[in-house]
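Residues per chain, in single letters:
Number of protein chains: 4
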Amino acid sequence: MADELKHECGLFGIYGHREAANLTYLGLYALQHRGQESCGIVASDGSRLTAHRGPGLVADVFRNPAVFNSLPGQSAIGHVRYSTTGESGAKNCQPIVVDYSRGGLAVAHNGNLVNALDLRKDLERQGSIFSSSTDTEVIIHLLARDQTESLLERIRNVTTVIRGAYCLVVLTESRLIAVRDPNGFHPLVLGKVGNSHVVASETCALDLIEATYVRDIEPGEMLEISERGLRSFELPEKAAPSPCIFEFIYFARPDSTVFGRQVYTVRQELGRQLAKECPVEADVIIPVPDSGTASAIGFAEQSGIPFQLGLMRNHYVGRTFIEPSQSIRHFGVKIKLNPVRDVIEGKRVVLVDDSIVRGTTSRKIVKMVRQAGAKEVHMRISSPPTSFPCFYGIDTPNRKELISSSHSIEEINNYITSDTLGYLSLAGVRQACRMPELGLSDFCDACFSGRYPVKFPKLDTELQLDLF
Amino acid sequence: MADELKHECGLFGIYGHREAANLTYLGLYALQHRGQESCGIVASDGSRLTAHRGPGLVADVFRNPAVFNSLPGQSAIGHVRYSTTGESGAKNCQPIVVDYSRGGLAVAHNGNLVNALDLRKDLERQGSIFSSSTDTEVIIHLLARDQTESLLERIRNVTTVIRGAYCLVVLTESRLIAVRDPNGFHPLVLGKVGNSHVVASETCALDLIEATYVRDIEPGEMLEISERGLRSFELPEKAAPSPCIFEFIYFARPDSTVFGRQVYTVRQELGRQLAKECPVEADVIIPVPDSGTASAIGFAEQSGIPFQLGLMRNHYVGRTFIEPSQSIRHFGVKIKLNPVRDVIEGKRVVLVDDSIVRGTTSRKIVKMVRQAGAKEVHMRISSPPTSFPCFYGIDTPNRKELISSSHSIEEINNYITSDTLGYLSLAGVRQACRMPELGLSDFCDACFSGRYPVKFPKLDTELQLDLF
Amino acid sequence: MADELKHECGLFGIYGHREAANLTYLGLYALQHRGQESCGIVASDGSRLTAHRGPGLVADVFRNPAVFNSLPGQSAIGHVRYSTTGESGAKNCQPIVVDYSRGGLAVAHNGNLVNALDLRKDLERQGSIFSSSTDTEVIIHLLARDQTESLLERIRNVTTVIRGAYCLVVLTESRLIAVRDPNGFHPLVLGKVGNSHVVASETCALDLIEATYVRDIEPGEMLEISERGLRSFELPEKAAPSPCIFEFIYFARPDSTVFGRQVYTVRQELGRQLAKECPVEADVIIPVPDSGTASAIGFAEQSGIPFQLGLMRNHYVGRTFIEPSQSIRHFGVKIKLNPVRDVIEGKRVVLVDDSIVRGTTSRKIVKMVRQAGAKEVHMRISSPPTSFPCFYGIDTPNRKELISSSHSIEEINNYITSDTLGYLSLAGVRQACRMPELGLSDFCDACFSGRYPVKFPKLDTELQLDLF
Amino acid sequence: MADELKHECGLFGIYGHREAANLTYLGLYALQHRGQESCGIVASDGSRLTAHRGPGLVADVFRNPAVFNSLPGQSAIGHVRYSTTGESGAKNCQPIVVDYSRGGLAVAHNGNLVNALDLRKDLERQGSIFSSSTDTEVIIHLLARDQTESLLERIRNVTTVIRGAYCLVVLTESRLIAVRDPNGFHPLVLGKVGNSHVVASETCALDLIEATYVRDIEPGEMLEISERGLRSFELPEKAAPSPCIFEFIYFARPDSTVFGRQVYTVRQELGRQLAKECPVEADVIIPVPDSGTASAIGFAEQSGIPFQLGLMRNHYVGRTFIEPSQSIRHFGVKIKLNPVRDVIEGKRVVLVDDSIVRGTTSRKIVKMVRQAGAKEVHMRISSPPTSFPCFYGIDTPNRKELISSSHSIEEINNYITSDTLGYLSLAGVRQACRMPELGLSDFCDACFSGRYPVKFPKLDTELQLDLF
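Line by line, the protein sequences give chains A, B, C and D. Convert by adding 18 to the 1-based position in the first sequence; the result is the number in this note's numbering. Convert by adding 18 to the 1-based position in the second sequence; the result is the number in this note's numbering. Convert by adding 18 to the 1-based position in the third sequence; the result is the number in this note's numbering. Convert by adding 18 to the 1-based position in the fourth sequence; the result is the number in this note's numbering.
Just so you know, the hints here were simulated from the structure itself, not pulled from any lab data. Mixed in with the good hints there might be a few duds.
Note: identical chains are not told apart, hence a pair may lie in one copy or across any two.
[As the list claims (entries may be wrong)] Calculated cross-link-like contacts (lysine-lysine; reagent style DSBU-like; alpha-carbon spacing at most 30 angstroms): (1) K418 to K256; (2) K210 to K393; (3) K354 to K210; (4) K382 to K109; (5) K210 to K382; (6) K139 to K109; (7) K393 to K139.
In isolation and in its complexed conformation, chain A is listed as follows (with noise of 0.2 angstroms):
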C-alpha cells in the first residue's frame, strides 16, 4: 500500500480573480492528496506580497477566516506539502516569499533537484543564507543572485542550472509565472474560471472552483500570466518527457486528469491488465483501499470474478489521530481499516494494491484478511516491484527499507504471508498507463526500472543509493 510514499506536493495559482487567496484555498483542499503536512498561500494586492503558511491540513492552517483578510488581492499562489515534525516543521512551510533588489517574490516548488546539494554549498560558498532545508530556497537564491534584469530571462537562466524535477509557480506584485521542467515529471494543468487563468497540479482542484481545463502546461514551457494576458516561452533546456508513471499508479486522484488521461480509467486498465497477467481462481476480489479500488474494478472486469469492498476504511482516520501512548497494543492498519466478514469468511480472496513498499502493511493486511475468515489470500499488485528509489520527488524510503531491492518475489509472498503474489509488468503498467502523443518507454519508471532520466552528481548517486 502506497500509504507508506509520500507525494512531495501540490500547487496551484490564480491570477486575475477578485476572490484569489479563497479559490486558492479550495484549490489547496482538493490537492490535499498531494502533502498533508504543511500548506500555505501567498497573494498579492498588486504592490505587496502577503502570506499565510503553518504545519497541518489545508482546512486546520486555514481554519479562522480572518486570515483571508490579511490575504489581499487579485492573484495568489499556494501550496501544500509533506514535512517533517517540530519546527523545521514550520521552517519548510511553502511558498518561500522574500524581498530582493527588485522587491517581492514568491515561489512554491513541486518536485525535487538532483543537484540541489551542489547548488546550494556553491552559494553558501558565496555567502547565501538558508533559513530552510528546501530546494526552493535554493531556487530563490539563484534567482536573487542573477543579474539580469528581466525576471523571465532569470527564471531561463536558473533552469539552466537546476536539474530535476521541477514545476513551479512563482509569484511576484504583478506576475503569475508557472515553469514545468524539460522532462515534464510531474503534471502541472491551466485553467480557466471566468476572465482569470488558474494553474493546479491536477484537474480535481480546477473542478472543485469550477474552472475549465484549457491544456497541460508543456515539459519545458515557461507561462507568464499578467495584465497583458498568458505569453508561454520555451525553456532553453531541451530533454525527452518522462512523465512520472507512478502518478497513474498511486498519487493523482482518479477523478483527475494527468498527462492527457483520466486517472480512473488507466488505473481500471491496469488491473484489466493485472488480471491477465496473474490470473487465480478465487470467489471475490477486494481492492485494498483507496489506491487499489479502481485497479480492483477492472481485475473483477477481466477476470469475471465478483469485486467487493471488503475492507471497511475509517473514513475520520487523519494526521490527527493519536494512538493513545499509554497502550500496550499497537493497532497498527486496524485504524485505517476493518474488514466485512460475510464478504471474506470461506473466500478464496484476491487483494489488489497498487505497490508493496516495505510489505510491513501488506504482512497485516493479509493477516486481517485471514483471520475475518478467508480460505485464501492472493495478493496482485497493479504495478512492478518497487526496486530502486526515486529521487525526482517522492519522498520514498531509502532503498534497504525497500522490500523489492533486496528480495524476490517469492521471498515477498512468505514475507506477507500470501498464498500467491503476481506483480504486473512493465510492459504492462507501460501499456496501460501508454499517452496519447508518446512512445510506450516514455515515461519515468525509474522506480521499476532503475532508468533515471536526469542523471545525479555522481558521489551524490552513488550515496544516495547507498544510503537510500
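Start from chain A and add chains B, C and D according to the hints.
Coordinates of chains B, C and D only, in the frame set by chain A:
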C-alpha cells in the same frame, strides 16, 4: 443522500480493564459515524468518577494525551453525539455525570424518549433543575428521585416511566449497567477483550479493540457488569421487538454486524432487490458514496451492468471544512464529491443512493453527473420514500422538509431532474433486511410507513407531526 | 504574604444597559483580584439566558470578541472565582444557569455556607442531583424546589435555610436580584451608569465603567432591579452585622471603598498603628508587594523611617507562568520578587506584610533580603496571628498549616529567620478598621480570635476544625 | 508616561549549562519589560542549532513544557522584542537562525543600525534575499558573505560596516559570542552561574537565575565564550562611549544595575533633583506607576511632602486585554490605573512621571486625578522634554507626534490641563545619572538634546527627521 440525517448517538462501555479510558477512546473512534459533534468519556477508579467531554470529533477532543491521566480506573463509558452549536453544544455533551445521594452516577443515552417533555415538566414542577436539553438528564433525575435502595430496581422503575427508544450505559464507582429498551430500536452488543466485558453500539467498535463479539444485549434486557461478573435482568415492560430498519439502510457501518446480520450483506441485497423492482437499461452503475456503495454493488450484480466508482469522495472533508465566508459561490456538494468524467461521459448512468431526504442534494448530484457528460441519469433508491419523521432517535428534518411527505415520486423525479426515479418497496426492504428470528414486519419502519410502534402523548404527537 | 490565601469570588451585575455583557466583562476585569481561576457571564435578552464561562483569567476566557455576540441583551451578571484544576475546574464555573419550572435562572455566589453539606445531603436524599461542588448549586436547588409562586418569596424562604456568608446576584429573563446575608460578611455595592443600575463586589468595578457609587447593599437586604426600577426588601433572618475584617487587611483593592471606608486609608492606619505597637530602630521600611504597601507607608509616616520600594515585583507574573519542569532548582518567590540591593545593603530593614499564613514565603523573603546585604531584618505584620481557619468564604489552608495555630510568635520569628517579628494587636486592627456606624468589635475577626459569628453544625465544626 | 515608548529588545545567552534553554527562558522572563510582543530561544547541543520562537509573552510562547525537549544542549541564546502584528510579527521573531557555508548561525540583536537600509539595498543588489525586516538579517548576511575564515574576524569586519547601536549575542554549534557597539548605547552584562557564563541585557536576569554579576561587557568589546573559556577582543572601530540615558530614566528595571549604577537609586536622585529644580507647595506626591515610583519617592524625600500610592495599577493588564469592540466608550487609561480618592480628594497633588511623549496619556491622568477631587494638580517630569526621535533602538513615535518637538512647556501644561508643569533640566539628569568613570556629558541624550553621537546617511536623516 442520508448525510442530511443525523444519528443520535453511539455508546461504548468497558469494565475491569486497566486501559479502560484508552479502549473507550478507540471504541468511540470506531463509532464516530454515529455522532460527530461532541463526545465524552467518564471513567471510574473504584471510588470516584472523572470525566472529559467536549464539542468536536473524538480525535480532537482527546488530542492531548494528558487527558487520559485525568481518567484513571478500570471501567469507563463513552458517548458520541450530534449536537447544536455554541455553549448549548458544550452543555449537552454526554455522558452526563452527577453526584446524588448514593454517590456518583454517569449515564449515556442513545435514542429518543417520546414523553421526555412531559417528564421534564413533571420534574420541574417538583423542583428539578436542568442544565441541558437532553433526555439523559431527565433519566438521571428520575434515577435520583426514586427512593428505592437498589440502583438496579431504580433503573427498572424508571424504565416503566420513560417511553421510546433508549440504549443506556450507566456507570457508578463499582458497576457498569447496560440497558436496551423493550422494543430494541437501536443496537447494543456485548463483547469481551481478555477478561473484560465491553458493550458498544456496533460490532465495529469491538473489532478495533480486538474484542470478540459475545451476543446482542436483548430488547428489554438490563445487564449488570461488576466484580461479581455478568448478571442479566428483564425489564418490567414488555413489547414486541421493533428494531430500526434504518440502521441497516444507512446508519450502521457496513462492516458492523447489527441485529444479527452484517450490514454490508443486507445493503447488497437491498441493491439486488432494487434492481429487480426498478430495472433500467443503462451502461454503468454508480454509487453515491459512501452509503450507497454496497447497494450499488448488489444492483450491478443483479442487473449485469458494470459497477464503477464514478463519484470520488474527498477524504479530507470533515466537520472542520469552513467555506470562505466571502465566497461569491456556494460550493456545496462539490466539496464532498467530484465526478470521474471517463466513467460518465456519453453513458446512461444509474445512481444508487440509500434515501432522498430533502431532495436538494440529489438534485445537485444529478446536475453534476449530467455536466460530466451523462446521456441519461437514473436515480435508484434502496428504500421507500421517507415520508414520516422519526421520534426514536434520528434527527430527521421536520415533516414539511421531507420531500416525500408532500410530493409524488414523479414530482420528486422532476425536482431532482433525473430521467427516471425508482424506490425500493417496503416489502423489498423487509425481505432484504429479514432477521433470523423475527417476522418480516417486525421492524420499526415508521419513517416509511407512518406506523409508530411506541405511541406518544396525543397533544405532543399532533404538535410534532405538525411541526416536524 | 496573604498571596497564599484565595478569595472566594467577585460578583457583578447590570440591568437595562445595551452593552450589558461588555460592561460586565470590564467589571469582572476590575474584580480579577477576587478570583483568578475561572469566570463567566450570563446575559438575558428578555426571553432567554445565555452563558459563557470557563477556566482562566477574564482576559483569556473572553479573548475572542465573538463571544459577546452570544451574550445578547440588556442585563447580565458575572462572576470570578478561584477553583481547582481539571474538569472539576470547568464544572464549577459560575454563574450557574439552569432551566426549571418557571424558566431560566442564573445565580452567582460570593461566600461560603456553613450548612451547605447538610443541605446538599438533604437535597440528595430528596432526589436532587449535583453537577458541581459549589454552594451555588445548593441554593439553586432550594430555589427550584420551593413551590411558592413569587421568586422574591422563594429567595426569602431560602435565606431562612442557608447559613453563613453569601452575597448573591440572581438573573432571570426579566430581573436582576442582589442579596447580601444578614451578617454582611462580604461587600456588595450598588452603582449607576447612565440610567442603568449596577451591583458589584467592590467600587473599583464601578470606577472602571465610570458608574457612580449609590450605596452599599445592606446586610440582610434583597434588592430587585427590574422594569419597575429598584425595590428593596428585608430578609426574614436578622443578625448583628459582622463584616469580614480581612477584606480591609488583604482582600479588597486599595482603591476600593468597602463597608464605607477606603481600603488604602485603612491600611495606612494599620501601618501607623503597627509602628506604634511594635516600634523598631531601623534605616528603611520596605513593603512586601503589593498588599503590604499602604501599611508600609503608614508605618514609615509614623516612625519617620524612610519608605523604599526595596522589593520589585515582576509585573508579568500571572497564572500562566510555568516553571520548566526539568529545572534543577525551585525558583519560588524569586519569580515574583527581586530585591533592590542599593536600598537594602548595609541597612536595618523593616519588612511590612499583611499576614503570615504558612510562614514558608516569609522565610524565603527574609532570606532574600539578607542575601541582598541587609544588616538586620525586622518583620512587621499589619494584623494579629492568623490562627483560625475561615468558614465564610476565604480558602485558608487547613488549621495545621496555619503556622500561628501551633507556634508562638517567638517560634515563628525563629522559623522565618527574622531578627524581630511584631504583629499588630486585634485591638489595633479594630481601631484602624473602625466603621462609621458600627462598634469596634462588630467585625468578623474569627481568623484571629476564633469567635465565629455564625455557628455551624457541631459535628461538622469539629471535623472542620480538625481537618482545617 | 513612557509606556508609549517601546523597547527594541532584551538579550540573554548562556554557555555550558545542562539547563541552557530553561535558564534562558527564565532570563527572558526577567527581561520581559524590554519587549512584549515576540520572543525566542535558539539552543545548541554541540552539533546542531534548534529554535523555538513566536509572537507573544515569554510565558505564552513557552507555555508548553514540551518545547524544551526540542531545545537540547548546553548553550542557548534568547531574545524578547516588540513587533508588529500578523505574519510580519511572526517573521520578525528573533533570534534569527540560518545555515550557511560554515554550519549553523544564530544572532539576536538589541539596538538599531542607522545604515541598515543602505546595507540592505547593497546586499539585495548583490543578490541577497530577505525574509524579515530586521537589522539582524542584514548582519547575518554580512557575516555569511564575508569570506574570511575566522568567525571572530568576520564579526570584527562586519562591525566596521554597520553603524549605530547594537548589542549582539551570536550562537554557533560550539561558541557563544557577545558584542557591544563602540558607543555602548545599550547595556550588556556578564555573569556566572556555577561554572557557566551568562550574558544578559540587565542584571535582573542574573538575579532570577541566581547568577552572580561579573562585569559589564565593555563598549567596543567582543567576548567569545567556548570550551576554552572566555576570550575578550577589541572591535576595530573606536568611539567615545555614549550610553543611553533613557535606560536610567525609563527602560531598565529599577532592581537592575545598569552602566554600573542601580537604576532605583538613579531614579530616586532624579526625583530629588526634580524637587530642587521645580519645587511646589503641595499636600501629596503621587507617582504615575510604575516608572515614576522611585523618582516620586526621591521627590517626596527632598520636598518633605508625603508620598502616597494614589494611582492603583491593575495588575492583570497585559497585552491580552481586548476592549470589547462594540463598546460605546473608550476606556483607555482607566483599564490600567484607578485613583485612590482618599489620598487625592481636597489635596494639592504632585504627579511624578518619567516623561511626556504624546501628551494624551498625561492629559487623561490629570483629568482622572481632578475627577477624584484634587484641588490642584502639578505635573513633574523626571527628564527634559523629549523633542527628538531616537535612531538607536527606541521606537519613539515620529517627530510630529512628540508633543515637545513643537510645543513650549506652557503649551504642554495647557494641553494636559495641569496647574503647573515642570521638567528636570538636562544638567540635572546628567548629575543624577553620573557614572563612575565617565564625564557628565558622556551619555547619548539625543532624545532631549538632538545631539546624535553616531551620524547617519544624510538623505536618510532628513527623511527620518521629517518622517519621525
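Going through the hints against the structure:
| no. | hint | in the structure |
| --- | --- | --- |
| 1 | K418 to K256 | neither (34 angstroms within a copy, 60 angstroms between copies) |
| 2 | K210 to K393 | between (52 angstroms within a copy, 25 angstroms between copies) |
| 3 | K354 to K210 | between (37 angstroms within a copy, 22 angstroms between copies) |
| 4 | K382 to K109 | neither (35 angstroms within a copy, 41 angstroms between copies) |
| 5 | K210 to K382 | between (45 angstroms within a copy, 22 angstroms between copies) |
| 6 | K139 to K109 | both (19 angstroms within a copy, 25 angstroms between copies) |
| 7 | K393 to K139 | neither (57 angstroms within a copy, 59 angstroms between copies) |
Checked against the numbered hints above, the structure violates hints 1, 4 and 7; every other hint is satisfied.
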